[in-house]
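Peer 1: Chain by chain, the residues run as shown.
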Amino acid sequence: MEQNYTKEHATKELLTKNRSILYRSFGDRLFSYSVFGLGITVILCTVLMALVLYGDGAEAIKKFGFFGFLTGRVWDPGITMEFGAYPFILGTLITSLAALAISFIPAISVAIFTAEYSPRWLSSIIDNLVNLIAAVPSVIIGLWGIFIFAPWMRDTFYTHIYMWFLDHYPTMLPIVGNPIGYGMTTAILILAMMIIPYTTVITVDAVKKVPKEQREAAYALGATKWEVIRMAVLPYARGGILAGVMLSFGRAIGETMAVAMLIGNRNNLPFSILGPASTMPSVIVNEFREAVENIHLSSIIAVGFYLFIISLIVNLIAAYIQRKFSLTGARTI
Amino acid sequence: MKSLKKRYLRDNLMKVFLVGNTIVVLTPLIIILLYVFIQGIGAINIDLFTQELGSPSRAMTGRPTGLVHTIIGTFVVDILALIIAVPFGLGAGIMLSEYPDNKLNPIMRVMNDTLNGMPAVLKGLLAWALVVKPMGSFSGLSGGVALAFVMLPIIARSTESSLMNIPWSIREAGLAIGLPRWRVIMSIVIPASKSGLATGLLIAFARAAGEAAPLMFTSFGNNYKSSTLIGWIMGPVDTLPQRLYSLAISPYAQWHQLGWAAGILLLSFVILSFIIVRIVIREKNY
Amino acid sequence: MKLVTKFIVLALMLTVLFGANLQAQRRVELLGAGASFPAPLMTAMADEYRDITNRRVTINYQSIGSGGGIRQFSEQTIMFGMTEAFLSDEVMRNIERNTGGKAFNLPITLADVVVTYNIPNIEKGLIFDGPLLADIFLGKITRWNDRRISALNPGVRLPRLPLQVVHRSDGSGTTNLWTSYLSKVSKEWETNVGFATSVNWPTGVGANGNEGVAGIVASTPGAIGYNSFSYALLNDMSYGYLKNSSDNIIPPSFDATSAAANIELPEDTRILFTDTPNPIGYPAAGFAWMLCYENMEQNNSINSKQQAEELIRFIIWAINEGQQLSEQLGYAKLPTAAVERSNAMIRQMKWRGEPIGRNILDNE
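Chains as they are written, first to last, in numbering that gives the first Met the number 0: chain A, 0 to 332; chain B, 0 to 285; chain C, 0 to 363.
No lab work stands behind these hints: they were computed from the structure. Note that the structure is predicted; figures quoted are calculated from it, not measured. A portion of the hints provided could be inaccurate.
Stated by the list, open to error - Lysine-lysine pairs mimicking DSBU-like chemistry, simulated, CA-CA at most 35 Å apart:
#1 B:K132 - C:K304
#2 A:K208 - B:K193
#3 B:K193 - A:K211
#4 C:K349 - B:K132
#5 A:K224 - B:K14
#6 A:K207 - B:K102
#7 C:K332 - C:K242
#8 B:K132 - A:K62
#9 C:K186 - B:K132
#10 B:K14 - A:K207
#11 A:K208 - B:K4
#12 A:K208 - B:K132
#13 A:K62 - C:K183
#14 C:K186 - C:K332
#15 C:K183 - C:K123
#16 A:K323 - B:K102
#17 B:K5 - A:K207
#18 B:K4 - A:K207
#19 B:K14 - B:K4
#20 B:K4 - A:K224
#21 B:K132 - A:K323
#22 C:K186 - A:K62
#23 B:K14 - A:K211
#24 B:K14 - A:K208
Bound-form chain A, shown alone (with noise of 0.2 Å):
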């Protein structure tokens, strides 16, 4: 196939052999048939996962109501078999916007940094670095977190944090939480630091976006570089960021691996800062293949259905963002 068709080449076989019926109208509308064929299955995985989930969660919604669920909060396959959502989902909101939180300036800046102020050299080291770190599977994030990040921040800061509390404020302690390095600080600070490249690949194509003649303008005003940037390019590129940050914000919340390994799995409030917690995904990958009651493992599947209504949520309004202001690319890393 990959000879080069000259016209004369094409129109020769034009008019010798290839008349065949795939060569009129019905090869045409054959293949565009196939092809749409093919793609709608993009729309129709979206509609089947929302089916399949809701299906097999249905016993669930059903026994403790489509908000009951959402609002519960015990979760006690032992004696009560009774559940509901609200833990993970506040677990997960809990984890995502603090890692959101703490990521963001941070990097807003390595964006900035890399698009304005460093040499063009430097620029695609970090570039790439950033990019690279975007396609560390989660896993291992997780192992280096169980085996080094968990247990170093807990010697270095969790007990000494938990024994002032203990000798200063004690009455504190349920607040601050179990110092066992599993936990939802570690949970927050392993997401952060994993969503962080994807905002900055974003932010960086969104600043890269903004024209020429809108800093030039700047510039010939007087203003320096942080003014340029400020006044004429952050403003400017805001959409783009913005649209990033819901991004990385629907990553935070379906990250499940590297957050099952460092949470510490709690299935029921409260939550303390140092202390165990417990993600929507999370719940799911510990439970789903121990469940041994129906109500249980619908119910997880229920936590499924949850999980999916809010990604589907965040991520329309990351399509909305990105479409206003007409951003392609970067989501294909």
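Starting from the known structure of chain A, arrange chains B and C on it as the hints suggest.
Peer 2: Leaving out everything else, chains B and C in the frame of chain A:
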């Protein structure tokens, strides 16, 4: 207006702030990579590529263990996924780029982005419900289906953007000499963008190769090579990310070592495909 | 399109290349999954059995927790399940209704749960009693130098470390055994938490699998968890001694575990003997069972009579010769009474009505 001095001071402060932030962000990221390599290098030996895992007591008594079945399994599952995902992904990409008037396209782009953003664990649940449950057994095939859901939106996206890079004038030239549209697409547009397409497939492949969550309840895991050929597809299969997870949460120091080894294998693969992709992209200058 | 073909060819080549050892017609792969407690024993048995049969029979055992073992067994995605919590009457009834035959709980080995902890400079041998443990796991005791712990351990200098409870986050027979012990020794535990393969824990960190708990305990100073004895032994963890119902301090041992099991067994072996009345018995011990169907053809994942027969041969080997592996891995051997009960159940196993269990037992 503030004084010039203050403005310059501020400018410099921001510069320092940005540089500082960049260093703070990049250091842990580099540390992660270095750690995996340092820890992993020591765990690499020939047994890793020739022996099966077996029981933990095998590792603890110093008998040879390795991950040969895991390495093979990873390729089997990932290639299955690629075979499943490629036709659909290409179809979607062609639909988006070659038939821009299609009314479904905007919805499809949004859906594609949404599917891409969906947590992989949900894709595993879907594959479990669609394949494992009806088939009645965990299998490499179901793992392939789960990973195909991961690959599909990536392939669709990259196909679209690499086909878009071919100027319309080329298509018009083809149409002008009387070729039907399908022939223009298949014989002119696709060959012209083949390195872009291959890059997209590689990105999808690398991304899916690192997913553990969807494989936990589809390809399940295995301590040995499948004893039959068909067993690789129809029976439970080990894969690197999922084995890495179970090695990491095991209590055996020897298995932790194997975990680091699995980590370095996985990471090398990701880095390798990353470098290839970067080189292709730079040459093509997308 | 060429690309696709290339990939297909590549895929085929890979499979052919690696699957080349293809005189595989007679080879059998048996898939089992479940409890993580017997996993080291089961996988070691699998290794051994594979050598004995010249790689003809491979047993793939994945440790996914007892809850998973029961679930996947009833979903029929595995050929046999393993669990430390026997099937409930309801599950037994469901299975009887669906398959027209019983589900068997075959004791494979004995489980004993020990308290594991990690306190710098303190070795194994801290003494605990039931009510104290219940209060620790209820979250009422938060520091190691608590008066009640030192009262039981005079002469031991306990540090002022925060006490961190680690428990299983997955459905687990070890949890079932442990919580059933706690329920028997503490009224409060029984009414508030109860016992099951996974419960609503009042405090602590959840970890996945026996491995996970051991992993966190081993790496966290001040942690206390519960593990099967073999995990504690294999990983050189510190474990505690328990005061049993006769107020004797019992260090976990094979003899003490077997002594606890030395009671009248019902025919289907479904019995819990935690807090055993036996004065020299270890109070937190129980069976680990293998789950099988009476009508083996009813199990969707068993595709041929050959597989069913190989599975039965493996079970027979595991409860007889296979027990040799037990003690070096930290498991107590099955008492002969339990083996007899298992044999009686194997005799009833059928393939499409053909008594293959009896045939194998009598002829081989």
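Peer 1: Now look at each hint and say whether the structure bears it out.
Peer 2: Hint by hint, here is what the structure shows:
For the hint pairing K132 of chain B with K304 of chain C, the CA-to-CA distance comes to about 23 Å; that is within 35 Å, so the pair holds. A distance of roughly 27 Å separates the Cα atoms of K208 of chain A and K193 of chain B; the hinted pair therefore holds under the 35 Å criterion. The straight-line distance between the Cα atoms of K193 of chain B and K211 of chain A is roughly 33 Å, inside the 35 Å bound, and the hint therefore holds. Our distance criterion of 35 Å between C-alpha atoms is met by K349 of chain C and K132 of chain B, whose separation comes to about 25 Å.
The hinted pair formed by K224 of chain A and K14 of chain B meets the criterion: a straight-line CA distance of about 9 Å does not exceed 35 Å. For the suggested pair K207 of chain A and K102 of chain B, the alpha carbons sit about 31 Å apart, so the restraint of at most 35 Å is met. Between K332 of chain C and K242 of chain C the CA atoms are separated by roughly 23 Å; this keeps the pair inside 35 Å, and the hint holds. Restraint check: the Cα-Cα separation between K132 of chain B and K62 of chain A comes to about 23 Å, which is no more than 35 Å; the hinted pair holds.
For the given pair, K186 of chain C sits about 41 Å from K132 of chain B by alpha-carbon distance, which is inconsistent with the 35 Å threshold. Under the criterion of a C-alpha separation no larger than 35 Å, the hint pairing K14 of chain B with K207 of chain A is consistent with the structure, at around 18 Å. Simply put, K208 of chain A and K4 of chain B have alpha-carbon atoms about 31 Å apart, close enough for the 35 Å limit, and the pair holds. Note on K208 of chain A and K132 of chain B: the hinted pairing is violated, with a Cα-Cα distance of about 48 Å set against a maximum of 35 Å.
With a C-alpha separation of about 32 Å, the suggested pair K62 of chain A and K183 of chain C falls inside the 35 Å cut-off, and the hint holds. Under the criterion of a C-alpha separation no larger than 35 Å, the hint pairing K186 of chain C with K332 of chain C is consistent with the structure, at around 33 Å. For the proposed pair K183 of chain C and K123 of chain C, the alpha carbon gap of about 25 Å is at most 35 Å, so the pair holds. A C-alpha spacing of about 19 Å is found between K323 of chain A and K102 of chain B, which places the hinted pair at or below 35 Å, so the restraint holds.
Pair hint K5 of chain B plus K207 of chain A holds up; C-alpha atoms about 28 Å apart against a cutoff of 35 Å. For the given pair, K4 of chain B sits about 29 Å from K207 of chain A by alpha-carbon distance, which is consistent with the 35 Å threshold. Of the pairs offered as hints, the one joining K14 of chain B and K4 of chain B holds, with about 15 Å between alpha carbons and a cut-off of 35 Å not exceeded. Of the supplied pair hints, the one linking K4 of chain B and K224 of chain A holds, its CA atoms being roughly 14 Å apart against a limit of 35 Å.
For the hint pairing K132 of chain B with K323 of chain A, the CA-to-CA distance comes to about 42 Å; that exceeds 35 Å, so the pair is violated. For the hint pairing K186 of chain C with K62 of chain A, the CA-to-CA distance comes to about 31 Å; that is within 35 Å, so the pair holds. Between K14 of chain B and K211 of chain A, the direct Cα distance comes to roughly 21 Å. Compliance with the 35 Å bound is thereby established for this hinted pair. Using a Cα cut-off of 35 Å, the hinted pair K14 of chain B and K208 of chain A holds, with the two alpha carbons roughly 21 Å apart.
When held up to the earlier numbered hints, the structure conflicts with 9, 12, 21 and fits the remainder.
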